[in-house]
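Visitor: We have chain V already, so just place chain Z on it with the hints.
Protein chains in written order, with numbering that gives the first Met the number 0: chain V, 0 to 113; chain Z, 0 to 732.
It should be emphasised that the hints constitute simulated quantities derived from the structure, not laboratory data.
Do not rely on the hints blindly, as some may be mistaken.
What the hints assert, rightly or not - For lysine-lysine, the following DSSO-like pairs were computed, each having C-alpha atoms within a straight-line distance of at most 27 Å:
hint, chain 1, residue 1, chain 2, residue 2
1, Z, 702, V, 26
2, Z, 702, Z, 406
3, Z, 702, V, 100
Everything numeric in this text was worked out from a predicted model, so none of it was measured.
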Amino acid sequence: MEGIPLMGFLALGAVMFLIGAVGVTMKRNPIVIFMCIELMLNAANLTFLAFARYHETPLLGMISRENTVMNGQMAVVFVMAVAAAEVAIGLGIIMAIFRTKDSIDIDEMNILRG
Amino acid sequence: MPELMDPSMPAGLNLVWMILLLPLAGFLFQAAFGRIIERAFGPALGRRILGFMAVIPIAVAFVIGCILVTHIANQPSDARVAISTWFDWINLQSIHIPFELRVDPLSLTMVLIITGIGALIHLYATGYMAADKDYPRFFTYLNLFIAFMLMLVLGNNLALVFIGWEGVGLCSYLLIGFWYEDIENAKAANKAFIVNRIGDWGMALGMFLIAVVFASSQNLLGGETRYLSFDVILPLAQQVVGEWGGAVVWAIPLLLFIGAVGKSAQFPLYLWLPDAMAGPTPVSALIHAATMVTAGVYLVTRCHVFFEMSAFAMGTVAVIGCFTAIFAATIAWGQYDIKKVLAYSTVSQLGFMFLACGVGAFSTGMFHVTTHAFFKALLFLGAGAVIYAMAHNQDLRNYGGLRKYMKITYFSMLMGWLAICGIPIWAGFWSKDDILGKVFASNDYWHAQGWAINPVVLWAIGLVTAVLTAAYMTRMFWLTFFSGEERWRNLPDPQHTHRPHHVHAHTAHHDEDPDEHGFFLETVEEEGHHDHHDLGPTHEPREVKPSMWFPLVVLAALSTVGGLILSGGYPVTEVFGVHTTNLFKEWNAVSAQPSVLPSKELFQVSHSTEAVLILLSIAAGLAGILWNRARYKKGVPKNEDTKLRRFAGSQWGYDNAMYQAFVNAGGKLSEASYKLFDKGIIDTLLVNGVPWLVASTGKLFRKTQSGYARSYAMAILIGALAIASYIFYSVSR
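The shape of chain V in the complex, shown without the other chains (with noise of 0.2 Å):
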């Protein structure tokens, strides 16, 4: 791990990133935009950890690997229970769906078009 660049871990973020955004936008399966939902928040999840590791902040000065500030790897739990929250959340509602549309497919909700 210590010979791989910041730079690597960024650019698969951002890779990753931009095929959660595609599939965002181009898959018409609920459960799929989740996963791609998923990806793109362990995409800005794995940024978090790159700069959290290659950026340490010591806690009070002090130089020591294991009394740094640990910011970004906190920012990544959070980000794991609002996932984990919206994903919970996302399914009831596509359960909702199915239950009054016999479908999950997101183009034919689309009753709040102008």
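Guide: Positioned in the frame of chain V, the structure of chain Z alone reads:
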């Protein structure tokens, strides 16, 4: 009425307020109680009471007018002006307009004409209108008219004159459209009202201009702000207006003259007067011959100082008057309707009055107003009697030989006819000859002033007009009373045919029990026999009832000797070297004498020339009479209905042209502006355009609201990318 007393006036002169208030009281009485009395006493008795109550205020006002004349006449000639103020009407810092009346020879002359002839015509109307269903309404309007007319002539400031001016216009409108159920009458009333607006516009502007000019002058005595009062503006006019100089000098008189042209039916605004004949005949006699239409001459005479300062304005007045005189005379020659003949004759005679005023002979113009009031009221009332006797048929071609049936009317109208033709000793001669003489005599003066048209040309036109006047009046007179045959006997029997189109005024005569009796002079019991069928072979005309012929006789007497008495035989006596008092001129000296123009140099003519002029004007009258007597001796000639006569009768196409130019073109202009502004800008651009803009903008952006979550996501993405790029870009720079 103690509150009316003005301590500065001689006590007797405060009676002038009674002159104004009596007709007003009459109006209020008729308006408030007319219907009630008619219902309470029944039409027959109720109408007699109402008729009595309508005549009495006017007659009493006439008596008071006579009393005032005697008061004033005792004063020296230049002290015959008194002003009575009742209350402040408008009192601002910048202008003060009190409610004030002016008693002077000019206003009293008009008061005597208005109330004297007015009372006679009211009396006549009680007979003429006896069977009309709207009897109280008629006298309500008629009394109101007298009140406004008196306000016009008695008011001491232009604002009060303007109230009267508009008020008589209103009453004229109401009375022309008195039989409003016929749409033609309503249209005629509208025409009169609308055409008069043009004149009133000029009058109002002239008034404002006078106020502005005087308000900015330093010549007024300390604190005097009555910028419209005659006793302030007339003596100072020459000084104040002279200081301004420039366009104001001719603008003031010409604006006032526009008012006079409208009210006195001069070319180019005369067209309402012939149509005004749609009103009942007493109205035509009172308003459209004797009084209201002379208001313009009164205004010019009252404000003569303003006119005198501008030779251009005087010339305009004279030329317009002269042209109107001959123009209307030729039109009268082409009319078959007895009232229309008289209407155009009135326009023509009014032209004579303005011609006189235009050369500076204001007193002579007023004299013609007076004599014209005598004989034209007489002729109109006589025509009304004829119309009444002929079942409201007004076509000269259906008359003939009426002399046999209506002796009193015939004899009275004979006097009126001789008067208007200008035959010596009858009233019209003295005034018309005096006008023509004055026009001729003023030639040198106005020529030196640089008039484009010399007065001698105007005199020649006036002389031709005198011939034409005698000609068309003889035509009317002969076709009515002489010319052998009784032409109505040749008409188809009305029992089997439809009612002729022109018998329109007749509709008012059927619904109630007609009071065919005369009013308090009535002695003869008459059956309403001729009013209830149309003219036909079995028709027998009858002399009208006493309440109608009595005014005719009085006016006939005035038309016969009135002119001679008032003028004292001037100018004939001068030719013979006899000195008599020209009562009228002497009486009116203070108000109608030229005050700017040099009265000595103005009218210069030798006695021999004067004699020739007099002979010429007599010859003109005689020529007209002989010419048309020969022509109509045996009834309507075969070549009567020529193209030329029809063209003349249609006002030489003028009315039609004006209709095309203003009514039709105005309608088209309105339509175009309606299409452009109302339809185009307001409706299309604003009312429909704004919602359209909102809707189409919404439509454009609505496409983004597809309802597809992915496209929203895409938009968010693109937006986020755009913002991110921008941030990166600005950071990296």
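Visitor: Would you mind marking each hint as holding or not holding in the structure?
Guide: Against the structure, the hints come out as follows:
1. The suggested pairing of residue 702 of chain Z with residue 26 of chain V holds, with an alpha-carbon distance near 21 Å, which does not exceed 27 Å.
2. The suggested pairing of residue 702 of chain Z with residue 406 of chain Z is violated, with an alpha-carbon distance near 96 Å, which exceeds 27 Å.
3. With a CA separation close to 25 Å, the supplied pair residue 702 of chain Z and residue 100 of chain V stays within the 27 Å bound.
Comparing the model with each numbered hint stated earlier shows that hint 2 is the single one that does not hold.
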